[in-house]
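Heads up: the sequence lines are chains A and B, in that order.
When the first sequence is numbered by UniProt numbering, its final residue is 194 and no position is left out of the sequence of numbers.
When the second sequence is numbered by UniProt numbering, its final residue is 194 and no position is left out of the sequence of numbers.
Mixed in with the good hints there might be a few duds.
Covered stretches of chain A (in silico footprint by chain B; criterion: 3 or more residues with CB under 8 Å from a CB of chain B, positions within the stretch not fixed) [as the list claims (entries may be wrong)]:
1. 73-86
2. 120-127
3. 133-140
4. 150-162
5. 175-186
One side only, chain A facing chain B, incomplete, derived with CB under 8 Å [said to hold, decoys possible]:
6. T112
7. R115
8. L116
9. T130
10. N147
11. L191
12. G192
Calculated from the structure, these hints are not laboratory results.
Heads up, the beta-carbon is just placed ideally off N, CA and C, and yes, glycines get one too.
Protein chains: 2
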Amino acid sequence: MSTTIDVPESSNIKGKTILLGAQARPGGWKKGIAIVDFILRLGAVAAALGAAASMGMSDQTLPFFTQFFQFEASYDSFTTFQFFVISMAIVAGYLVLSLPFSIVAIIRPHATGPRLFLIILDTVFLTLATSSAASAASIVYLAHNGNQDTNWLAICNQFGDFCAQTSGAVVSSFVAVVVLLVLIVMSALALGKH
Amino acid sequence: MSTTIDVPESSNIKGKTILLGAQARPGGWKKGIAIVDFILRLGAVAAALGAAASMGMSDQTLPFFTQFFQFEASYDSFTTFQFFVISMAIVAGYLVLSLPFSIVAIIRPHATGPRLFLIILDTVFLTLATSSAASAASIVYLAHNGNQDTNWLAICNQFGDFCAQTSGAVVSSFVAVVVLLVLIVMSALALGKH
Chain A
1 MSTTIDVPES
11 SNIKGKTILL
21 GAQARPGGWK
31 KGIAIVDFIL
41 RLGAVAAALG
51 AAASMGMSDQ
61 TLPFFTQFFQ
71 FEASYDSFTT
81 FQFFVISMAI
91 VAGYLVLSLP
101 FSIVAIIRPH
111 ATGPRLFLII
121 LDTVFLTLAT
131 SSAASAASIV
141 YLAHNGNQDT
151 NWLAICNQFG
161 DFCAQTSGAV
171 VSSFVAVVVL
181 LVLIVMSALA
191 LGKH
Chain B
1 MSTTIDVPES
11 SNIKGKTILL
21 GAQARPGGWK
31 KGIAIVDFIL
41 RLGAVAAALG
51 AAASMGMSDQ
61 TLPFFTQFFQ
71 FEASYDSFTT
81 FQFFVISMAI
91 VAGYLVLSLP
101 FSIVAIIRPH
111 ATGPRLFLII
121 LDTVFLTLAT
131 SSAASAASIV
141 YLAHNGNQDT
151 NWLAICNQFG
161 DFCAQTSGAV
171 VSSFVAVVVL
181 LVLIVMSALA
191 LGKH
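Same shape as in the complex, but just chain A:
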């Protein structure tokens, strides 16, 4: 009788230790990723907002004017820059709204629901952010260098401040793109390893 009682006791203890070990190890690892995710998300909000604000306030009027019109350049001049301001504002708004889901992932590191939700929407908004950043970058390049073959002249000689401000906005938007990329890779790693 004594031997039959001993066997289930020891197997019970073994089962418990294995279960605790399995919960403690990857839980801490996933919690760390979730905290880094939250911090990076805050940085991406700042980068996207900075890009939208910097582009939206780019406006330069030259000090000389003719009888009929003044020389003025603002983001309104380019459809691409308007798209840039709108889409960067949307991306910043999404990133702010995604912060609660990131907090849920910190509190419950094993739940796949919030991570799945975040990775899918992050991918969609990464595409939006990348497209606006790249299209604005190509216009900024044209403004700096012009194009010989089509006779499009560079405007940055006249509108230096305007060019500097829009270039800064493009750089800031690419920071947001890179952060979103890192967020997706981290979420994928956290989803895949379990």
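Following the hints, complete the assembly by docking chain B onto the known chain A.
Frame of chain A; chain B shown alone:
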């Protein structure tokens, strides 16, 4: 004695049926996703290759010329279009190289390794494809509409064929972008549900 033999027998059978049921259900679902992934990947290869080829072969020389030069437009005229051709070729090359990993995901639907590898690289190449597609789109828009404020004239009146071909390449590249987006969402769903 007869009762002690009966108990392990029945528990053995139960264990087997549960195990078989667990393997058959999600395995079929994940295998289906992996097969769709493979087919979509083939479509994305075609779209990316078509975009690169169409843009790379866009070249139009006008039938009239002056004493000193001919009027010619090709993808070489724009740095953005050169970037487009190179990056679309890289994306197409990656997609071809990713096909074996997609086949591994079909054969072993439960392995997370290939899916994790694919979702991370897909995200990186989605960003590359989106940036080249968007920057080319903004140049194509300028070629069609021009810009009043900077005195950049539309060139599509003269170079109609060139504009049609580059516009087609941009549309084809956005098809590749959308397919890559769908691939990432599908991989994330397959990784998350288990």
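Structure versus earlier hints, numbers of those that do not hold, lowest first: none
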